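Enquirer: With the hints in hand, could you dock these two chains into one complex?
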Amino acid sequence: MTNSAVISVTGLGKSFGKLEVLRGIDLDLMPGEVLGVIGPSGSGKSTLIRCLNMMEVPSSGTIRFKGREVSPRFRGRGEAIGTGELRRKVGMVFQHFNLFPHLTVLANVTAGPIKVLGEPRGEVEARAMDLLGQVGLADKARAYPAHLSGGQKQRVAIARALAMRPEVLLLDEVTSALDPELVGEVLAVIRRLADTGMTMVLVTHEMGFAADVASRVLFMEGGRIAEQGSAEDILRKPESERLRAFLARFHA
Amino acid sequence: MTYHWDFYTVMQSFDLLVWGVWTTFLYTVGSIAIGVVVGAASCYARISRFWWLRLISRSYQELFRCTPLLVQILWAYYALPMLLGISISNATAGLLTLSLYVGSFYAEIFRGGILAIDKGQREASAAIGMSGLQSMRYVILPQAVKNMLPAFINQSVIQLKNTSLLYAISIAELTYMTSVVTSETYRPLEAYSLAAVLYFAMLFPLTQVADHFERRMRRSD
Ligand SMILES: Nc1ncnc2c1ncn2[C@@H]1O[C@H](COP(=O)(O)OP(=O)(O)OP(=O)(O)O)[C@@H](O)[C@H]1O
Ligand SMILES: [Mg+2]
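First to last, the protein sequences are chains L and B.
Numbering-wise (the working numbering), the first sequence opens with residue 6 and increments by one.
Numbering-wise (the working numbering), the second sequence opens with residue 88 and increments by one.
There could be a bad hint or two in this list.
[Unchecked claim] Simulated crosslink set (EDC-like; lysine to aspartate or glutamate; CA at most 20 Å straight-line):
{"no.": "1", "chain 1": "B", "residue 1": "K206", "chain 2": "L", "residue 2": "E61"}
{"no.": "2", "chain 1": "L", "residue 1": "K94", "chain 2": "L", "residue 2": "D33"}
{"no.": "3", "chain 1": "L", "residue 1": "K120", "chain 2": "B", "residue 2": "E210"}
No lab work stands behind these hints: they were computed from the structure.
Since this is a predicted model, take the numbers as computed values, not measurements.
Chain B extracted, bound-state conformation (with noise of 0.2 Å):
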């Protein structure tokens, strides 16, 4: 059997494709934002002197962690705004998910980098009267970034491919406009080609960054 591939008639509808991209580069980079001052603040309290505080963002952590995507993104649309009483968009579920999912993985990638600086630098810089948040700002984090950022790439690359999940949830991403212009076409094959191709477009240069910093760190070990 030979497939006739007929592009042409997906062509027609590539403005909802490129809305989805759009949307999911929305999704991406405001779920990072978001993540990233959830991440900071989480990393912070793991490593506070306060055990309570210790406890609460661990207790996040293992949650996000440990539960599939998924099935907190359909909680938080479903379930959650049962128990609150309230309703909730899917835009803003989808959104806070994803934030505090990934935030639970930054957190973890920050601490890593900041533990991995040598004691000393903290003890150098508190020999200088440095406080902790100048020391953390001036010594400990300038080193620790450059640690951090090979695995800070991967997760958030990880995290574009995460917002496909959204589609459960009917929020108009890539990969749920790629099924509604199936539908208008009857074409899946060139349409979820054509979100592959997408996908691809947009992570590929991405990985790139990611491998250049992680063979830059290891020429500088």
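If we strip away everything but chain L, and leave its shape as in the complex, we get (with noise of 0.2 Å):
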């Protein structure tokens, strides 16, 4: 199992001084998974999905993306994959988008290939404007993020971090900035990309959302993996009372 993993975990840990946010995490994401991560504020999604391109350097543990075992630096040594070439493979997307604000639309979907992938500009441009198609932002290419509203700055985000052509999305709450009625457009596009097979590690308080595309579920408490299994099972069926409070939540 664990040799077919895209991303594999093993006893990660993380403490920001004493403060231990994550222990003993063990987790294998396979190809084609939509990963949902449900739980608590402060129960640390965030930090969990930071490790996994290095945005965080674990205290503890290992990750292993494809096999190989992940480091800290930017560029690996020996067998061992670098920051550069991880997060080339693994793409982010930010709750609070970050787009590039000095950066037309375009010029934000193409920075990474150009720059980072040293792709040819035209070929570059072409696929990007494909990508705002589909993300149906084709018409602001050449607007300014400053001039977007959030669900479309987002998607711009989300069309970005598919320019790498990454093998695997992190999202981070990226609905938890939108007002409720640009919250939708953003779900769309991450279903269709779920429908198209992208394997993906999604933090949100959808619960309604994560149902929907998650295959699996993992509800974190304290720093560890509380309880985890289909999205059914977990959302529908919960075992634990903690997990049972934290949907009476939502639901209410």
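Expert: Written as structure tokens, this is what we have:
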């Protein structure tokens, strides 16, 4: 099982000073899997997902990408994969979009392939326009981020991540900063990605959406995976009292 | 008492003042150019992850920011050669001191501009695989430069005025040349008034540019 996992995490621990945020996390992410991560605030969801692309450097344990150990350095040594190469293959979308405000929408999407992958501009731009079309923003290619709505910004951010042709996409509460009426358009894009077989890790407070697209759901609490299983089992038939209480707050 | 203005006599020596303006300009541009390089290096050292680089950079900055420039100039010209046992020309001592002095201020202006950029920008560029340098070049600096510009220009305006302190080590910049003209013509009022006008003519356009950028920045916020 382990050898076919895209990302494989063993004994992952993370502390900020004395604060232990993650403890002994074991996790295998399989190709094509959409993994939902839920849990109360402060349970370590963001920290976990940020460890997967080394945005946070783990305090203990190992992370492997396709069997190769991940190094916290930009360039890996020997067999190890460095963060530079890792992040080309594991994309990330942020809660607050973090678009580059000094670049047009198109330049935001093409920056990675052109500067990082060194691909020819013409080719990259054609692909970027195609991606912008897929997220419904082809007409905004020449606009600057400041002129977009939150939902449009987040769709650009998704296109920017996809332009790198990642094998895994990490999404951390990507709809939490959006006005309620804009959430749907972003979720629709993610759902379509899930349908195309994109491997994703999705931290979310949208339980209904998690139930809908996630093939597996982790419930985190106190830095551990407290419960996990199919979306159906976790969200509709929770076993622990804590999970039931947690879910009850969302259904209320 | 009515003073009888006599610009005619002073104008006879106008070429000396022009020479002074030119020298002032050269020292300003030269020290700004070197200062930018030194400031960038010092700024980079201050945000580096090596504590000893940060310490060196910090010490340099505080040393130059917390002692008077005139003392630095005199020290570099009169004391430093004694310490090193070599001779240093007034031009070298002057240019070096001015450059290091302005560099210490530029470093903090650069650092402030970089730190003002949201850390999400650093993360977003890292997330698409950019190295620290690429992120700096394509994402952080293009945004930071705009923030730094007004403070940078203001510091450069001060820098041009500071070149007048080179007078103390007999460098032929505008203030020094004005004193030469004064002693030749016995017309200090006309000579120094003219010098003031020349300084003003050089600096006024610069301050206008700074204001322009400041206004534009405030609008874009
Ligand atoms: N850089 C950091 N330095 C210090 N403490 C941190 C840092 N990042 C996170 N923490 C702490 O780690 C704990 C877990 O944070 P994390 O962001 O992973 O939680 P989360 O499950 O994503 O919560 P939320 O649902 O609010 O986003 C929190 O107590 C948080 O304050
Ligand atoms: Mg979080």
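Enquirer: Next, verify each hint and record whether it holds.
Expert: Hint by hint, here is what the structure shows:
At roughly 14 Å between alpha-carbon atoms, K206/B and E61/L fall within 20 Å of each other, so this suggested pair holds. For a cut-off of 20 Å, the pair hint linking K94/L to D33/L stands: about 17 Å separates their Cα positions. Restraint check for K120/L and E210/B: the C-alpha separation of about 16 Å stays at or below 20 Å, so the hint holds.
The structure is consistent with each of the numbered hints, conforming to all of them.
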